[in-house]
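Asker: Sequences are here, hints too, so could you generate the full structure?
4 protein chains.
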Amino acid sequence: MVECFNCWKIQIIGRGKKTMRVNPRTDEYPARTLENFPVCTKIASQTITIIPRYNETDQAGVVHHTVYPVWFEMGRTELLRVNGLAYSELEKNGIYFVVVELAVKYRRPAFYDEKLDLETICSRITSARVEHSYCLKRQGTGVLLAEGSSILACVDSSGRPRRMPEFMYPEK
Amino acid sequence: MVECFNCWKIQIIGRGKKTMRVNPRTDEYPARTLENFPVCTKIASQTITIIPRYNETDQAGVVHHTVYPVWFEMGRTELLRVNGLAYSELEKNGIYFVVVELAVKYRRPAFYDEKLDLETICSRITSARVEHSYCLKRQGTGVLLAEGSSILACVDSSGRPRRMPEFMYPEK
Amino acid sequence: MVECFNCWKIQIIGRGKKTMRVNPRTDEYPARTLENFPVCTKIASQTITIIPRYNETDQAGVVHHTVYPVWFEMGRTELLRVNGLAYSELEKNGIYFVVVELAVKYRRPAFYDEKLDLETICSRITSARVEHSYCLKRQGTGVLLAEGSSILACVDSSGRPRRMPEFMYPEK
Amino acid sequence: MVECFNCWKIQIIGRGKKTMRVNPRTDEYPARTLENFPVCTKIASQTITIIPRYNETDQAGVVHHTVYPVWFEMGRTELLRVNGLAYSELEKNGIYFVVVELAVKYRRPAFYDEKLDLETICSRITSARVEHSYCLKRQGTGVLLAEGSSILACVDSSGRPRRMPEFMYPEK
Chain A
1 MVECFNCWKI QIIGRGKKTM RVNPRTDEYP ARTLENFPVC TKIASQTITI IPRYNETDQA
61 GVVHHTVYPV WFEMGRTELL RVNGLAYSEL EKNGIYFVVV ELAVKYRRPA FYDEKLDLET
121 ICSRITSARV EHSYCLKRQG TGVLLAEGSS ILACVDSSGR PRRMPEFMYP EK
Chain B
1 MVECFNCWKI QIIGRGKKTM RVNPRTDEYP ARTLENFPVC TKIASQTITI IPRYNETDQA
61 GVVHHTVYPV WFEMGRTELL RVNGLAYSEL EKNGIYFVVV ELAVKYRRPA FYDEKLDLET
121 ICSRITSARV EHSYCLKRQG TGVLLAEGSS ILACVDSSGR PRRMPEFMYP EK
Chain C
1 MVECFNCWKI QIIGRGKKTM RVNPRTDEYP ARTLENFPVC TKIASQTITI IPRYNETDQA
61 GVVHHTVYPV WFEMGRTELL RVNGLAYSEL EKNGIYFVVV ELAVKYRRPA FYDEKLDLET
121 ICSRITSARV EHSYCLKRQG TGVLLAEGSS ILACVDSSGR PRRMPEFMYP EK
Chain D
1 MVECFNCWKI QIIGRGKKTM RVNPRTDEYP ARTLENFPVC TKIASQTITI IPRYNETDQA
61 GVVHHTVYPV WFEMGRTELL RVNGLAYSEL EKNGIYFVVV ELAVKYRRPA FYDEKLDLET
121 ICSRITSARV EHSYCLKRQG TGVLLAEGSS ILACVDSSGR PRRMPEFMYP EK
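Protein chains in written order, with the working numbering: chain A, 1 to 172; chain B, 1 to 172; chain C, 1 to 172; chain D, 1 to 172.
Mixed in with the good hints, there may be bad ones.
Copies of one chain are not kept apart here, so a pair can be met inside one copy or by any two copies together.
Said to hold, decoys possible - In silico BS3-like pairs for lysine-lysine, Cα to Cα no more than 27 Å straight-line: (1) LYS137 with LYS105; (2) LYS92 with LYS115; (3) LYS42 with LYS137; (4) LYS92 with LYS42; (5) LYS115 with LYS105; (6) LYS137 with LYS92.
The set of hints was computed from the structure by calculation and includes no laboratory data.
Since the model is a prediction, treat every value here as computed from it, not as a measurement.
Answerer: See below:
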């Protein structure tokens with residue numbers, strides 16, 4: 001199990017308004033280009049720890065159901081990271097992933113400030129799409145709280161479908 | 001099409017911390033009990049207007065995908081309301097609806113401050129569950145942006161499954 | 001009092017990823033350029049109706065305190081609109097407003113699904129900044145729930161300070 | 001510097017709907033009562049790491065300004081925790097803290113997925129209120145992004161002002 005918030009070198013470079021950054025990040029974060037991307041993603045699953053925030057609860061006393069997909073996105077980000085990439089690097093290189101399908105099954109409520117394990121599994125990659133499944137459990141007891149799945153499409157900066165980057169879907 | 005924010009008399013009475021309200025609402029909002037609930041829900045579909053807020057966008061320049069389920073919940077609330085009830089009244093009478101399944105298909109991005117039509121359809125009611133489907137379109141052009149569905153379970157204040165209220169699922 | 005969600009013609013044109021829009025808005029929303037901006041803002045105050053959403057509550061049974069600034073931003077948007085402009089039009093013309101100061105005093109809790117009046121007052125405009133104050137009251141009783149203030153700086157698309165647009169701060 | 005997400009034993013016990021929990025936490029999390037609270041809070045400052053989430057950005061490409069107060073609340077939670085308490089334990093014992101004042105000065109934008117240091121300082125405690133100040137910096141460079149302050153009032157489960165718990169404001 002890898003904790004969510006380990007140390008890593010990231011490069012935060014975006015588009016458009018990112019030039020708004022008055023104090024640019026230093027060369028501690030050099031730009032990485034496509035050639036320097038990892039050769040291949042190899043790790044298909046990653047578990048992170050989630051601690052529900054107070055504002056994520058609702059007046060029923062549980063975490064609001066719309067928060068889970070936010071956590072799923074965090075899970076995808078960390079799965080990508082253990083494979084050697086920050087999502088922000090992808091965006092900088094004109095590679096965007098947009099969610100086209102999302103499904104969640106809620107089994108039991110999650111509560112404020114408890115420790116949860118979110119496992120994110122990359123279940124399938126095609127030349128245009130990537131599928132993930134998610135499993136949210138209570139730490140300690142391992143009780144299943146929710147399951148989910150999503151499909152992301154790879155698009156360019158204009159929103160047009162584009163081929164999956166080589167390191168995720170290598171040409172034969 | 002019914003605008004989302006028409007005038008209505010509501011009764012805001014919750015549980016627990018609601019006693020925190022220092023200035024209670026006046027008798028302009030008398031408590032309504034189960035006996036005074038509508039006899040039967042008759043309206044199965046309702047369309048409301050959604051205007052994406054600035055904070056609902058993300059750095060890709062579009063509405064973040066986790067916001068749509070928030071809108072779906074607003075749709076359910078308004079569908080209930082045109083049938084004569086505020087969800088807060090249900091909670092006050094010990095009737096809770098919890099989301100057990102959610103699915104969304106994202107067709108096209110939604111943008112800040114544009115006018116959208118969200119149609120919420122109650123597609124099925126059993127003695128324990130209620131299913132909705134959702135259709136989000138751009139106003140004017142009618143372009144489909146997203147579709148969704150959800151299943152809600154009826155539970156009591158302890159979270160135990162309970163029978164659907166009579167007015168939603170009448171005994172024969 | 002002007003309801004928040006009246007009908008208006010807006011123009012949604014952004015930067016960057018906005019080209020992602022596969023189905024562009026029709027000429028029903030023609031682009032407006034600086035020359036066509038209103039000559040002068042004249043309306044200094046605007047009241048909109050706010051209905052707290054379920055996900056905006058927390059487990060204390062009240063609206064979470066971080067939601068109020070979201071509403072304040074909605075108030076500013078509508079105040080700008082009654083003066084003849086959509087904020088999205090400003091961004092399209094390279095005029096951005098960034099929040100540099102924010103203050104809120106919370107007087108009484110707000111509850112799910114009740115009707116609130118948010119009054120937004122433009123209290124001061126200089127060549128570089130605009131100040132607003134906010135007053136949130138319960139409809140019907142008029143009980144004061146919160147007060148706030150903010151200072152926005154005018155910047156260009158690179159985040160550098162720029163002069164306030166002419167129609168907001170006319171040169172003598 | 002203490003990372004935000006270290007391991008701790010917490011007790012998640014709330015009010016009301018918490019009975020909704022179908023699978024109660026085990027005795028791994030025994031209830032703690034007021035007598036077992038720490039004798040005195042001694043640590044007045046705590047720094048946690050914040051990583052902005054994708055959905056916390058807006059279409060200007062930066063973290064939306066309303067997210068900072070969410071982080072401040074996380075900072076308070078962790079400051080309380082290093083003093084030996086989970087906020088959820090306080091609520092269970094009928095001790096609530098409600099935000100009555102909030103102020104933020106935004107110096108520079110924060111970006112998606114960068115590492116930030118949030119320092120939370122308990123600057124003053126009276127018999128009824130507790131004041132905090134906040135300092136948000138970019139890790140590595142130490143560049144100041146935002147400063148803030150808040151005042152919290154101590155109330156009981158009915159929302160009435162009550163005396164600060166002994167361990168936070170000892171009687172002489």
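Asker: How would you classify LYS92 and LYS42 at a CA-CA limit of 27 Å: within, between, both, or neither?
Answerer: Within one copy, since 22 Å is at most 27 Å while 42 Å is not.
Asker: Since the copies are identical, ignore which copy is meant and state whether LYS92 and LYS115 lie within 27 Å (CA to CA) inside a copy, between copies, both or neither.
Answerer: between (33 Å within a copy, 18 Å between copies)
Asker: 27 Å Cα cut-off: does LYS137 pair with LYS92 within a copy, between copies, both or neither?
Answerer: So LYS137 and LYS92 pass the 27 Å test across copies only (24 Å; inside, 34 Å).
Asker: Within a copy, between copies, both or neither: where do LYS137 and LYS105 come within 27 Å Cα-Cα?
Answerer: So LYS137 and LYS105 pass the 27 Å test inside a copy (13 Å) and across (25 Å) alike.
Asker: Checking an output row: LYS42 and LYS137, CA cutoff 27 Å. Within, between, both or neither?
Answerer: For LYS42 and LYS137, only the intra-copy Cα distance (24 Å) is at most 27 Å; the inter-copy one is 34 Å.
Asker: Within, between, both or neither: how does the pair LYS115, LYS105 come out at a Cα-Cα threshold of 27 Å?
Answerer: Close inside one copy (19 Å), not across copies (30 Å); limit 27 Å.
Consistency with the previously given hints is maintained throughout, with no hint failing.
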